[in-house]
Amino acid sequence: MTANVADRRSLPLQAVLVGFLIVWIIVAAFPFLWTLWGSFKVEGDFFSKADWTNALTGPMTRTETGGAFTGRGYQGAWVTNEFWRAGLNTLIVVVSVVTISLTFGTLGGYALARSGYRYVFWVLIVALVFRAMPHVTLVSGYLLPFFQWNLWGHLPTAIIVLVAINQPFTLWMLTSFFQNIPKDLDESAMVDGCSRFQAFRLVIIPVMWPGVITTGLFSFLLAYNDFAVTAMLLNQENQTMVPKIASFLGTTQTKGNVMFAVSAVVSATAPLFLLVMFFQRQIVSGLTAGAVKG
Amino acid sequence: MKHKTFLWFILPSALAMLLFIAMPIVSVLLQSVFAPHEQVIREVENCDVFGCKKSTIVDVEATAALREAAPMGRFVGTAIYTDRNHLALSEIGTIWSSATGAADFFKQVLNLPFYGALTFTLTYTALVTPLAILLGFSIALAVNAIPRFLRGPAIFFSLLPMIVTPLVGALILFWMVDARGILGVAIQSLVGDPDLSVKASTPMMWSMLIVYGVWSTAPFAFVVYYAGLQTVPQDTLESAMIDGATRWQRLRFVIIPHLLPLTTFLLLIKIMDNFRVFEPIVSFNAGAHAQSLSYFIYADLSATNRLLSSAAATSVLTILGVVVLLSPVIVHTWKSFGRTAS
Amino acid sequence: MTTSIRGLALSGLLGTTMLAGAAYADCGIAAGKVSIVGNDFPAIHTVADAAAACATGTVEVKVNLTKDHEKLNAPGMTAKPAEYSSAIVASSSIVPLMGAGLLRPLDDLIAAHGTDIPKGQLITIDGKVMAVAFMANAQHMFVRKDVLEAAGVAAPKTYDELLAAAEKVRAGGMASPFCSTYGVGWNLGQEFVNMYLGMGGEFFKPGSAEPAVNNEKGVAALETMKALTGYMNPDFLTFDSNAVTAEWEAGNCAIATLWGSRAAVLMDGKESAPGVAENTVAAATPSAGGNAFPATTLWWDGWTVAANISDEDAAATFMAMKAGIAPSILTANTMGQAVWMIEGYQPTAAAQGVAESIAGGAPSYPMEPYMGAMHMAADGNLADFLTGKEDAATALADIEAAYIAAAKEGGFLK
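Protein chains in written order, with my numbering: chain A, 2 to 295; chain B, 36 to 377; chain C, 616 to 1029.
Check the hints yourself; a few may be wrong.
Here's a subset of chain A near chain C, in silico, CB distances under 10 Å, partners left out [stated by the list, open to error]:
| # | residue |
| --- | --- |
| 1 | S49 |
| 2 | A51 |
| 3 | A69 |
| 4 | W150 |
| 5 | N236 |
| 6 | Q237 |
| 7 | E238 |
| 8 | G251 |
| 9 | K256 |
Simulated crosslink set (SDA-like; lysine to any residue; CA at most 20 Å straight-line) [said to hold, decoys possible]:
| # | chain 1 | residue 1 | chain 2 | residue 2 |
| --- | --- | --- | --- | --- |
| 10 | C | K1023 | C | P821 |
| 11 | C | K1023 | B | A105 |
| 12 | B | K88 | C | K734 |
Simulated restraints, written as ranges between beta carbons of each label pair [to be verified]:
| # | chain 1 | residue 1 | chain 2 | residue 2 | range |
| --- | --- | --- | --- | --- | --- |
| 13 | B | L65 | A | A271 | 22 to 30 Å |
| 14 | C | K885 | B | A99 | 49 to 57 Å |
| 15 | B | R109 | A | P183 | 52 to 60 Å |
| 16 | C | S943 | B | M239 | 48 to 56 Å |
| 17 | A | L145 | B | K88 | 28 to 36 Å |
Rather than coming from a laboratory, the hints here were simulated on the basis of the structure.
Bear in mind the structure is a predicted one, so any value in this text is a computation, not a measurement.
Glycine included, every Cβ here is placed at the ideal spot set by N, Cα and C.
Work out the full structure, taking the sequences as your base and the hints as a guide.
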């Protein structure tokens, strides 16, 4: 990963690549930057049906608030509607989902990678079929039993469902990752008298973090962005951020509330920025060690 | 590994999947062959705030008695799978015998909801999967070529399409591509047609959904490939250079083969996800121009419809569709598994 | 339709002033659990908030207002005991709950605790009170007074006049003068229901679930809808009421049909282009096919009580919901949120469209248990016709075929 051969490129090629990257980053980031800018305007400007340049100049923002920018959206979302509560719930859901998913997934993935029997293939294929099940159908099937057993509405229910839905992907990622950790490592530990679980705990856990962190990032994104499960299985006081944002939009959009949603979306992206900056090295080394060679 | 040890290790994961995925799949299978009971209908007088009129209602007691007699519902076998809103076998038979030619036959078949949706879904999958993977690969190559300190922000901005919640992301994009939105106006001036509206025609709507699909799923391929590029064995590259391989030859014969397993993984995940395309259709209000199987499930489960058996049948057909599409990849995995397992 | 009930409804609408004095928190409930599920818009928030104010040390009130309420209410009320003790429903969404036997007839509770609820608010089905209505709604016409005056036309009374007026307005320079919710998903089906009933059509053969839309009234309804789309923004198949509201406020429409619950928003002048809000006038929906009544359907929103709960909780729920629609909830802020069917309601200019549509004799939304299947079959099979890919007869045949498959599955047809 040092200054490698691939980095030594001719100048024109370098220019083409950088040019392409700049175009891509503009394309990728433009809607978000537009949203960031617009979150400080009023709805009539940001969602103008008359002229899109209103979103830039903000004539209604001026007449309604007196300034070119307004923090009303943020105030409405965070102060009036207590968006931080949803943020707290999201934190609980995300941390639990990632932890449980990875615990289940590492155990299962390790076993699948080390078993060597044919049934492993079938377990993986069945997991794949499980992943093909549309989430809408799954969630609507949960409703009646969950209501019946009084499980509906609580955070743990949504957490375990997200974990289960996420297991197939986690298993696939982690299996291919564990396949790349040399078998000699844990087998020599077992020759030294460790049980299988001790070998896993003492030898494998210390070297598995890169792959686990990458898989964790995808679990994190799934739990963070999920709408299908959280919107249907959580009651109002346990709402996470995305259903809360949906409730700002409401069934019929109420004036001003749309901007709460826009501001909330911008706010919800900030922690992801910190996360990506913090974990970017691990993301890379993680996938490196895992799925890549799978 | 011993079977027993294997079992203990896999147990938590398997239990979660059995409870929350396998059992629902079983109940969905049952639901797709058991329709609701015959409804006993009674004519009554309904008075709402606007007046009274004759209407019908379901006779709750009589229907409850039927339900008591057969709690699973009415066994209909594959009738729902083959009815007009799904595979429409008898309708296809009729069209086959009455159609005036091949063009007429296909036109009429595509008018059937299932086949119309299948056309869009397959087009979408066939275009978005390779394009997103290719775009992700190119971004990965480009990010790999820039100075290290710029890579963090570049990764973050490249990930944005994937991490902004589609709920609002699509709402904003929907407004941007409006005929008077910033992107809509840009497209109009590019094409030179001031009346062009992306949302008004079927081809434009399809293109927009496909572009959105590529845009929003390329980041996933990018992350995977970018990581993959870090593991390209440097010594192989260097020896290839010493042997006089051009840049293109190194890419073609060293880097791409190295990334092949990753590509398989991406294909598997992306084909599956694209075949189940759903969110963009709802977010862009595109239901008039493009439908997918998942969109039908969503519509069947809507409050106005509540066609649970129909939704169940479409779900089973979706799973079967995914299995068929993925079968080449699965066979490939089976072969490579045979190699590693031995 | 009996005139007496219509009269009562109207008197509620037109606002006989009554004293509103009930104190918020004292709802007279000894103990019990109340849990409300309902749609997510301001008027329902007002009702739910007032009901939630009944909470005391012994009375628990939970509220869940969400767009997905119709997916949650049936499973939630099927559980024993029900998760939701009250579902706030509308004309269409009460039907599946009733069909599954999930609603408790309210007659005994009314006798015990609700003799003062005006008869006009009670929804009586097969002789039993199943819901208590608190607001009315309908899609009706909005016109821009200034634009129509400039074009030299009066507010249209029929759809033919509307088409002629739209033509004149377009000649004056407005590209797409007519705006309506023709978006696929639910709205387009609703437009067809309005137009077809307005033409005098019947959806089903009398007393049965057999479809009966493939006839000349169906063709007439479709042709009128298609003629209207000629004056609409080309994106009309994506238009929901949010989109129409935005178009209207931007000054892009001269005539629209839109939900009455949006009237106050269109007229409040907030975030509208200059001159739009003050010239916005609500009126009855035009009539169609030479009939005298407006081509729209009337809707009510009301609350229900679940069947699968204890008598104590049912009584608590009844009293809390009654407090939720007490005249005291009507304040300066809430008055404009809906066309309330609550005593003390002072109709605003925004309520005129709904009131005129009721007075004009528009039918209420059909309550047949298989109407939902018909609505969605129409919704899913009209886009090809409206975009010119197939003719009206094919579209109607498609609607019937799609409906029959759905009704067979639902057990309504053999």
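To see whether the hints hold, each was checked on the structure:
1. S49: holds, 7 Å
2. A51: Status holds, d = 4 Å.
3. A69: violated, 16 Å
4. W150: Cβ of A:W150 sits 8 Å from chain C, so the hint holds.
5. N236: holds, 5 Å
6. Q237: holds, 5 Å
7. E238: Holds, about 8 Å.
8. G251: Holds, because the Cβ-Cβ distance from A:G251 to chain C comes to roughly 5 Å (cut-off 10 Å).
9. K256: holds, 6 Å
10. C:K1023 to C:P821: holds, 18 Å
11. C:K1023 to B:A105: Answer holds: C:K1023 to B:A105 is near 18 Å, not above 20 Å.
12. B:K88 to C:K734: holds, 17 Å
13. B:L65 to A:A271: 22 to 30 Å: The hint (22 to 30 Å, Cβ to Cβ) is violated, given that B:L65 and A:A271 are roughly 46 Å apart.
14. C:K885 to B:A99: 49 to 57 Å: About 51 Å separates the Cβ atoms of C:K885 and B:A99, which means 49 to 57 Å holds.
15. B:R109 to A:P183: 52 to 60 Å: holds, 58 Å
16. C:S943 to B:M239: 48 to 56 Å: Given a distance of about 52 Å, which is inside 48 to 56 Å, the answer is holds.
17. A:L145 to B:K88: 28 to 36 Å: holds, 33 Å
Taken one by one, the earlier hints fail for this structure at numbers 3 and 13, listed in ascending order.
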